[in-house]
Amino acid sequence: MLQKNNRLLKGLSLGLFLFLGFMASGQDDLLAELEADSKPKTSYAFATFKGTRVVNLQSPELPAKGVLQYMILHRFGTFRTNYFYNFLGLHNAQVRLTVDYGITDWLNVGIGQSSFQKMYDGFVKYRLCRQSSGEVNMPVSIVGYSSMFYTAQRTPENRPLNTAQRLSFVNELVIARKFSQNFSAELVPTLVHQNTVDSAAYSNSVFCLGLGARYKITKMHALSVEYVYQINPTKQFFDGTALQDYNNALSVGFDIETGGHVFQLFLTNSRGVSDPLVFTETPGNWLDGDIHFGFNISRVFTIVRPKLPRE
Numbered sequence: 004m005l006q007k008n009n010r011l012l013k014g015l016s017l018g019l020f021l022f023l024g025f026m027a028s029g030q031d032d033l034l035a036e037l038e039a040d041s042k043p044k045t046s047y048a049f050a051t052f053k054g055t056r057v058v059n060l061q062s063p064e065l066p067a068k069g070v071l072q073y074m075i076l077h078r079f080g081t082f083r084t085n086y087f088y089n090f091l092g093l094h095n096a097q098v099r100l101t102v103d104y105g106i107t108d109w110l111n112v113g114i115g116q117s118s119f120q121k122m123y124d125g126f127v128k129y130r131l132c133r134q135s136s137g138e139v140n141m142p143v144s145i146v147g148y149s150s151m152f153y154t155a156q157r158t159p160e161n162r163p164l165n166t167a168q169r170l171s172f173v174n175e176l177v178i179a180r181k182f183s184q185n186f187s188a189e190l191v192p193t194l195v196h197q198n199t200v201d202s203a204a205y206s207n208s209v210f211c212l213g214l215g216a217r218y219k220i221t222k223m224h225a226l227s228v229e230y231v232y233q234i235n236p237t238k239q240f241f242d243g244t245a246l247q248d249y250n251n252a253l254s255v256g257f258d259i260e261t262g263g264h265v266f267q268l269f270l271t272n273s274r275g276v277s278d279p280l281v282f283t284e285t286p287g288n289w290l291d292g293d294i295h296f297g298f299n300i301s302r303v304f305t306i307v308r309p310k311l312p313r314e
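Here the sequence shown is numbered in the working numbering, starting from 4 and rising by one per residue.
Among the hints, a few may not be true.
Think about it this way: if two alpha-carbon atoms lie no more than 25 Å apart in a straight line, the pair counts; the simulated DSS-like pairs of lysine-lysine are [stated by the list, open to error]:
hint	residue 1	residue 2
1	K68	K44
2	K181	K68
3	K238	K181
4	K121	K181
5	K238	K44
6	K121	K238
Label-pair distances were calculated between CB atoms; the ranges are [claimed, not checked]:
hint	residue 1	residue 2	range
7	V102	P309	17 to 27 Å
8	R162	N235	34 to 44 Å
9	K44	V98	44 to 54 Å
10	L170	L91	26 to 36 Å
11	S136	V200	37 to 47 Å
The set of hints was computed from the structure by calculation and includes no laboratory data.
All values reported here derive from a predicted model rather than from experimental measurement.
Ideal placement from N, C-alpha and C gives every residue a C-beta, glycine not left out.
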């Protein structure tokens, strides 16, 4: 009988020991969960701008990894120059086509072609940091953009250009912040370098400062505005004579989002569609009626779908 009681006591002791062990383990797990929940999580800003461009300036947005984007940038003739005779500016319109791809969520590469001056280009866009709050607190998003342009337009026989003379380069640093669900703004220091200029008296490099803003008025509609100020502008040439400075580009737009498409309708005084011409060679003036109607259309295609976590 005594032996039987001893076995019972041993069994009860073992059971109590295991129970206390499980209780301690469960308490540790609960404390770990509470500690994890108490740590601040990082929350990133989303859709600071809807498209990858404000109008002409780059925005902080990039296509996601594995996503291909196709863009059509169209600009009609100015209201001032025989607008109705030129079929609402269509007869002297300019077009630019681009294709870009998200290699990673922070790196984007692409190519483009513009009808004006028959320019071809390649570009790379890369995210340096992203606006966030919580564990990682970053007040702004910073994105870099670098591009190289080749002008294929034929020149007079008495003024031939070699390959190097046909090249120009644009570098933008986009510093953007989403201030609220409806309002976002950006500051864009820009450097445009052209290997060939109209006069030896002018610098090949023009420094610009771009300002862009977006205000969302509905879930799918937004107003946008941008202004590019040239710090050291060059002058317009006509028949070898220097005229007034090129104007700064001012654009006002209306964005429409429809699922995989983003439509941007805008008015601008910039005639060219390629970046070097927009930023440094805008001859038109809003006050003189040199206003162009234009639109940008972007369409995205998922080429490589992201891998979903296993359950």
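Verification of the hints:
no.	hint	in the structure
1	K68 x K44	holds (23 Å)
2	K181 x K68	holds (22 Å)
3	K238 x K181	violated (36 Å)
4	K121 x K181	violated (36 Å)
5	K238 x K44	violated (52 Å)
6	K121 x K238	holds (22 Å)
7	V102 x P309: 17 to 27 Å	holds (21 Å)
8	R162 x N235: 34 to 44 Å	violated (25 Å)
9	K44 x V98: 44 to 54 Å	holds (45 Å)
10	L170 x L91: 26 to 36 Å	holds (35 Å)
11	S136 x V200: 37 to 47 Å	holds (45 Å)
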